[in-house]
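Chemist: Each chain, written out:
There are 2 protein chains.
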Amino acid sequence: MKLVCSQTELSSSLQLVSRAVASRPTHPVLANVLLTADAATGRLSLTGFDLNLGIQTSLAAAVESSGAITLPSRLFSEIVSRLSSDSPITLSCGEADELVQLTSLSGSYQMRGMPAEDFPDLPLMQSGTPIRIDAEALVKGLRATLFASSGDEAKQVLTGVHLRLDDDGLECAATDGHRLAVLRLANITEPQAVASAELVAGEPFAVTVPARSLRELERLLSGRPSSEPLSLFCERGQVVVLWADQVLTSRILDSTYPNYRQLIPESFNRRIVLDRRGFVSALERVAVLADQHNNVIKISSDPAGGKVMIRADAQDVGSGSESLAAEISGEEIEIAFNVRYLLDGVKAMASDQVVLQCNAPTTPAVLAPVGEENPFTYLVMPIQIRS
Amino acid sequence: MKLVCSQTELSSSLQLVSRAVASRPTHPVLANVLLTADAATGRLSLTGFDLNLGIQTSLAAAVESSGAITLPSRLFSEIVSRLSSDSPITLSCGEADELVQLTSLSGSYQMRGMPAEDFPDLPLMQSGTPIRIDAEALVKGLRATLFASSGDEAKQVLTGVHLRLDDDGLECAATDGHRLAVLRLANITEPQAVASAELVAGEPFAVTVPARSLRELERLLSGRPSSEPLSLFCERGQVVVLWADQVLTSRILDSTYPNYRQLIPESFNRRIVLDRRGFVSALERVAVLADQHNNVIKISSDPAGGKVMIRADAQDVGSGSESLAAEISGEEIEIAFNVRYLLDGVKAMASDQVVLQCNAPTTPAVLAPVGEENPFTYLVMPIQIRS
Chain L
2 MKLVCSQTEL SSSLQLVSRA VASRPTHPVL ANVLLTADAA TGRLSLTGFD LNLGIQTSLA
62 AAVESSGAIT LPSRLFSEIV SRLSSDSPIT LSCGEADELV QLTSLSGSYQ MRGMPAEDFP
122 DLPLMQSGTP IRIDAEALVK GLRATLFASS GDEAKQVLTG VHLRLDDDGL ECAATDGHRL
182 AVLRLANITE PQAVASAELV AGEPFAVTVP ARSLRELERL LSGRPSSEPL SLFCERGQVV
242 VLWADQVLTS RILDSTYPNY RQLIPESFNR RIVLDRRGFV SALERVAVLA DQHNNVIKIS
302 SDPAGGKVMI RADAQDVGSG SESLAAEISG EEIEIAFNVR YLLDGVKAMA SDQVVLQCNA
362 PTTPAVLAPV GEENPFTYLV MPIQIRS
Chain U
2 MKLVCSQTEL SSSLQLVSRA VASRPTHPVL ANVLLTADAA TGRLSLTGFD LNLGIQTSLA
62 AAVESSGAIT LPSRLFSEIV SRLSSDSPIT LSCGEADELV QLTSLSGSYQ MRGMPAEDFP
122 DLPLMQSGTP IRIDAEALVK GLRATLFASS GDEAKQVLTG VHLRLDDDGL ECAATDGHRL
182 AVLRLANITE PQAVASAELV AGEPFAVTVP ARSLRELERL LSGRPSSEPL SLFCERGQVV
242 VLWADQVLTS RILDSTYPNY RQLIPESFNR RIVLDRRGFV SALERVAVLA DQHNNVIKIS
302 SDPAGGKVMI RADAQDVGSG SESLAAEISG EEIEIAFNVR YLLDGVKAMA SDQVVLQCNA
362 PTTPAVLAPV GEENPFTYLV MPIQIRS
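Note that the protein sequences, when read in sequence, are chains L and U. 2 is the number of the first residue of the first sequence in the working numbering; add one for each residue after it. 2 is the number of the first residue of the second sequence in the working numbering; add one for each residue after it.
Calculated directly from the structure, the hints in this document are not laboratory data. Only true hints are included.
Remember, identical chains collapse to one label, so a pair may be satisfied in a single copy or spanning two.
Pairs of lysine-lysine residues, derived as DSSO-like cross-links and limited to a Cα-Cα distance of at most 30 angstroms, are as follows:
| id | residue 1 | residue 2 |
| --- | --- | --- |
| 1 | 308 | 3 |
| 2 | 299 | 3 |
| 3 | 141 | 156 |
Using the sequences and the accompanying hints, generate a full structural model.
Modeler: Next up, the structure:
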């Protein structure tokens, strides 16, 4: 293998694929990135794969002789990122040799690699018609829901985000059992959005992908602007996303995703409209005290006075209360929440106003932005308060 | 106690004094800040003190009734920092009551404090004539030396920076036993710099202060511009620094500081002048490999070729070498260093060029900036290499 490439491109590509390299690899080769140089296409391909998540990208290179090798991801990235961008980088290694020679303007480095044959194959099946999704829409959907997925591996399917495509558009949903975030992107239309055989047959397409993989997908998609839709293949427990020069593969969470729609109440008898920024600030202040105890805050509405009170009580430490102007319909109510759950949801919205809808102190409440194009529903279970 | 003050000022003052609040207090009251409101002066004073380091500052306040109380530093700072800067803050608590009431625009908070009597007294002795030092000069001296002090508490006096004032100016020195940094600020003249009874008598003044305290002093002094000199009192194992509205107290390390001057060779038979930025970049790249093994890099000079080679060898992982143009006088040499020590020193310099001076691979080498106004000496012990 011998090739010359740009320092800038190699460095940014390494940064990208290293996100999929295991931090605590179960096998030494999983701490490496795979380099494949192809003289025919004039490209160097890089792959990181921790057996769950895989990321592959490629860059232009003057390939003198083709070949493949793996190199320690961290060491290689750190050296390359510190090299001068003024000088191209030459990489070479002999056949059946695992010592890679890197030459730049003033420096020369040798790194011991491992054979490419030891590196596991990415599940790169791309059979059938791909599902095409607008990348920007998917980024919106992921940002609005990822935070609501569970971080507890024991919760299995809840550690993912559920993506559902039908004739009407894309829906992203995540829940950890205490709160549920659903964003519906209805304005995604053909051909950018959906063009799959399955959908033509009227059958919606749905898949649950681990949040960890989708966080990397979100990062990858927002890393550079492109109006190109991404292509998604789904088969045998794996999902493969192709976008620009990049490939992301991930295992799928294949248990049935909970039927979250049935959790969302159909109607509400109480509605409280609040200034979103003022609500966030008040919650953040009261949270200082709530965090000292059990994260619980109480919201009480005063329909006559046109305001709500937000209160936290941290026994022995202190207490705090904030008053906020509100448009209230329905009778007064006192309802308690985990302040962190409220903040996560309200911060994920971008509107000027939010509406809090509920029926009783013990039934699910729903927060939503006011006047947003894409319907966002954030359901939070209240905390039962002993009076 | 009852007073009204500005959110901005209270918040920044709290941030300042909280640096001296113990993170793991040995007594509950040490997690608190002391508030003292004085109706006569119209000021609210804040104090943080962990028994080693103390910081006190004050701000203007409309004090309705004087009083003193202590409040949990973190809780209090976090609430105040999140309050709106549009509204003043009212603080009040009854006599013999430890519940402090905080009121702002929309919110009201209660915090449980502890009596001011429980808070230890700051060692605020200010007897004798103070030593006056130019604040900007001291900041320079601290920045050039703090990093070379030892982080190992067992090394006692080496965990501090040694400050020495004589008729010629201020000298700051720090060493951890492996390297030594000395900055001499010769251009400090009366009356800004030195005006003490002791110095008039021709006796130099010297003190060793823990690096932790001096880091906070450096932060405090560089926090806002002021041409005002600071006043320094030193007595009974304590140093007290007064500057603007601020007071910093610290214990002194009272063992004898090593006679570091005798460590610095008087002459060198080898001199290597390097571009500082190029040297830093080359060291940082080679450090990626040196860090994998034992941090050792080797520098070899090539007087005929007018260049130096910097090499690191990490067995089993790889190796790297960089070549750098240099003006060399004296014979060729190969000398090894801990790359981290070199980087610390060269990064603390600001000059375009640095000079590395040495005599043999086993005797101390000295790095210095070329053409700087204040003489800076950075001595590093080489590492003995088996050939």
